[in-house]
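Protein chains in written order, with the numbering used here: chain A, 1 to 475; chain B, 1 to 270; chain C, 1 to 218.
Among these hints, one or two may not hold up.
Sample of chain B residues lacking proximity to chain A, with all beta carbon distances greater than 12 Å (derived) [said to hold, decoys possible]: (1) Pro14; (2) Val33; (3) Asp43; (4) Glu82; (5) Leu175; (6) Lys199; (7) Gly253.
Keeping only pairs whose Cα atoms sit at most 27 Å apart, straight-line, the calculated DSS-like set for lysine-lysine is [claimed, not checked]: (8) Lys73/A - Lys178/C; (9) Lys243/B - Lys199/B; (10) Lys196/B - Lys10/A.
No wet-lab data here; the hints were simulated from the structure.
Where is the CB? At the ideal position from N, CA and C, for every residue including glycine.
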Amino acid sequence: MKPTSSQFKKSARVALVDPDLQRAMGFIRSGFVENRRAAVEKLPEFDELRRSARGIKEHTLQNLDFYLQAFEKRVKADGGQVYWASTPEEARDIVLGICRRAGAKRVTKAKSMVGEEIAINEALESAGFEAIETDLGEYIIQLAEEPPSHIIAPAVHKTKSQITELFHKHHARYGYTERQTEVPGLVDEARQVLREKFLSADVGITGANFLVAETGSTVIVTNEGNGDLTNTLPPVHIVTAGIEKVVPTREDVSTLLRVLARSATGQEMSVYTTFSTGPRRQNDLDGPTEFHVVLLDNGRSQMLGNEFHEMLRCIRCGACMNHCPVYQGIGGHAYGWVYVGPMGSVLTPLMVGLDQAGDLPNACTLNGRCEEVCPMGIGLPGMLRQLRRRQYQNRQTSTVSRVALAAWSFLVRRPRLYRRVMGGAVASLAWLARRRGRFRHMLFAGGWTSVRDLPAPQGSSFQNQWRKRRQGSQS
Amino acid sequence: MTSDATSSSRNDSPSIRVGLFVTCLVDLMRPNVGFAAVKLLEDAGCLVEVPELQSCCGQPAYNSGDFSDTQRIARQVIAAFEAYDYVVAPSGSCAGMIKEHYPRLFATDAGWRNRAQQLAGRCYELVSFLHDVLAVEDLSIARKGSVTYHDSCSGLRELGIHGQPRAFLGRVSGLELREMTDSNVCCGFGGTFCVKYPKISEHLVSNKVANIADTGADALLGGDLGCLLNIAGRIKREGRATKVYHVAEVLAGMADVPAIGDADTPDDTP
Amino acid sequence: MSDAREQVLANIRAALNRAGPLPDSIARSLQGRLSRPRANLKPAIGGDTIAHFIEKLGSVSGKITRVASIDKVAEVVARHLESFDLGDALVVAPDPALEGIPWSNRLGVERRAAAGGDRLSVTGAYAAVAETGSLVLLSSPDSPTTLNFLPDDHVIVLRESQIVPHIEDVWVRMRSDKQAMPRTVNFITGPSKTADVEQTIQEGAHGPRRLHVILVAK
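Pulled out of the complex, with its shape left as it was, chain A reads as follows (with noise of 0.2 Å):
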């Protein structure tokens, strides 16, 4: 999808006061806040086990060409195909030519973060293949031609009342005219309209929560299924991952599945995990003829060992974007892009440039929370930072902040002549407030007084009250 991130700040003022998405944001704080504590509350071993997850993904970091070609030749071993793609480009092309050599009509896809990367479904619908999303909340977003809004639940900002309107309109087609209210309904009904894609699918996509050296296996991790029924009902079988989700062993991906359903939705393990490995076996009744394993770079490899380094542990579990109040305030399209929330604002200006995304590493009170609870412990404030000082590097900050940024940078360098301007400056405003304590309005301060009263210096500052008693003493 194209970025809108440089319309964040009006998107944002636009969320704000968007009554229905409030009304969703607060889901996600009795839900996936409140699940993910319980989880955490009852294991014990959480902490251990994030530790030793975190040390099983640098390890693998650091050995990342061999883990990759270890994967690559078991998936090759076992009957599939391994392509390599450096850009979202040639991934499309990758996808397409293997659709195209099928004879494909339709295609089924399961939740794919690197397949919206790569805006995917754009590319197969331009080249005449009818792409059906088949995770409910992709499809939801599908039908209302909307991005996601979060990396688990890319519905999460849409009202019951909203998905009702959407399937009433979209499945008269079936022949379904009754407008269906409740949760059971809209589900049984999405159940029933997809059923019949399933089943005529050519090929199906999904994506990879794993690669697994050790077996040459791509895992999906999903509630409902249709990952599952994507992966093995059509006669070709495609996945899209991200370079970096190779894991060793088939040990290792158990430790890391610990952390990731518990730090996602607060489930221990969801309904299916699914290892795929190589197409159907000679005698098997069912299963795709084709097993085919797209790796993408896209700047992945870039971030190896550098200031963003830590950004290739993610394991796109979506807790830090739970958690984040910034992304509970706005939800997840003011970011403009695939990704969301603190892990969106890291890599969503690493991808597509940070004169398209330039508000994102700032839209952040650096508070941490994104941090405390990443099951694989990135330092994400530290890493918006780091984009911060790329901005300033690159003159990308606004004139106004860096002159004002300077003026405080010289004068808190110069300590006697910082406490002679400013100690002046705040007695001065506090004669000026000395009625009310506090200022509704002050020149140069807009950002501020817009949204709350200034209160007032005391006085005198500390240090040259100090130095008179100082000097009181003395003498």
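Once you have looked at the hints, place chains B and C on chain A.
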């Protein structure tokens, strides 16, 4: 005593020498917090000095991506304070800056990194210093009323400050502590964030004020003046009566001055 | 395409400050890590594995019925069909372990992979994990994967001896059984569900609406 610092102490026997890092906000906006810090430290037996060559810890530059100016400011702070037994600040974010971030700033400069690490090891936020290092037990303070406490983000997540202020508040005779919902969720200050993204900041601070109001407490306390100025400003804008103080002011028995955003002879005409 | 492969590998090596692939000695050591995997930390689960499994599966809406022997399976399934009004046809996996179950004559039993209209399937399992309450199914001619996902209801016949404590125990068992990875390994933990409508949990998304485990003592 060095000649470029000013100091005071309550006794003549060898004391712990504390360099007080006042912080720019306390220095400029609310000196009473600085004096409260001095009193608390002296009562606990410390020799308190206030180096003159201090102003700011460098967070504004740091969080705006200007690492070179941050380094210059940091060197000034390190040089001014490294002679003391401890450097103590009445702010979790400033103490966190010195403790957690100064060493990282000098990752490629072994000499300064060493000095930064040395100082970091001796740097504390005020309340946690009193509780964890000095093991102060009795404050002999009484104050009637109810308070609620806001956990500032840096103090909580970088320095682990949570139990210490509550332990002390529990020993203030006559004082009732009421916990608010989401006491550990960001108030929306975030340094320059609150002026660059005022609408998002408004959302966060109004949630915070609503949670405070729900407790019915007379006063809000906290350990970071940035948060307190932000929250007090919003409380006033919403016309609410909750008073806002820095926790040090209450613990030092120096909270009989006008609260943050209030005046001596309050004139509440809008 | 191979250009991209070389480019990506070269980028990785450059970023890790290496001129080329890993030195042989390190590669050998990593290869050893791959061929002799070791478990990391496994959470404690207490002594009674079977009870733990039952509790965990129950907590995610899995239904469990305990029976003394495999021939009791027939009546449990018949009751299930009746109580959920599923008709009288079922599809049973061609699994030898399910041979000889005395299905009632009035039931239509087919041994095949699943098809779109199937109401209820009966399969075996490779193992079950007590830690998580999961059933582990391996795809094979005896155990076609579609039986686990297409029908409305899924019944799994499991022997108590198949329950292992932790996820890793499944891999250990596969290695000692010399069981290579099949096309599909499913860990199934309850019936399918979604929370995509206003975060309200709804069972019966795209996979089975109900999961029923018949736990056979012997």
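For each hint, the structure was consulted:
Taking the minimum C-beta to C-beta distance to chain A, about 21 Å, the non-interface status of Pro14/B holds against the 12 Å cut. Taking the minimum C-beta to C-beta distance to chain A, about 8 Å, the non-interface status of Val33/B is violated against the 12 Å cut. Listed as a non-interface residue, Asp43/B keeps its Cβ farther than 12 Å from every Cβ of chain A; the least gap is roughly 17 Å. No Cβ of chain A comes within 12 Å of the Cβ of Glu82/B; the nearest lies about 16 Å off, and the non-interface call holds.
Against the 12 Å criterion, Leu175/B stays outside the reach of chain A, whose nearest CB is about 23 Å from its own CB. Consistency note on Lys199/B: stated as away from chain A, yet its beta-carbon is not over 12 Å from all of that chain's, at 5 Å minimum. Here Gly253/B stays apart from chain A, with its beta-carbon at least about 17 Å from theirs, past the 12 Å limit. Annotation: proposed proximity of Lys73/A to Lys178/C holds, straight-line Cα distance about 20 Å (limit 27 Å).
The straight-line distance between the Cα atoms of Lys243/B and Lys199/B is roughly 24 Å, inside the 27 Å bound, and the hint therefore holds. Proposed proximity of Lys196/B and Lys10/A is supported: the alpha carbons are some 13 Å apart, at most 27 Å.
Hint violations for this structure: numbers 2, 6, all remaining hints satisfied.
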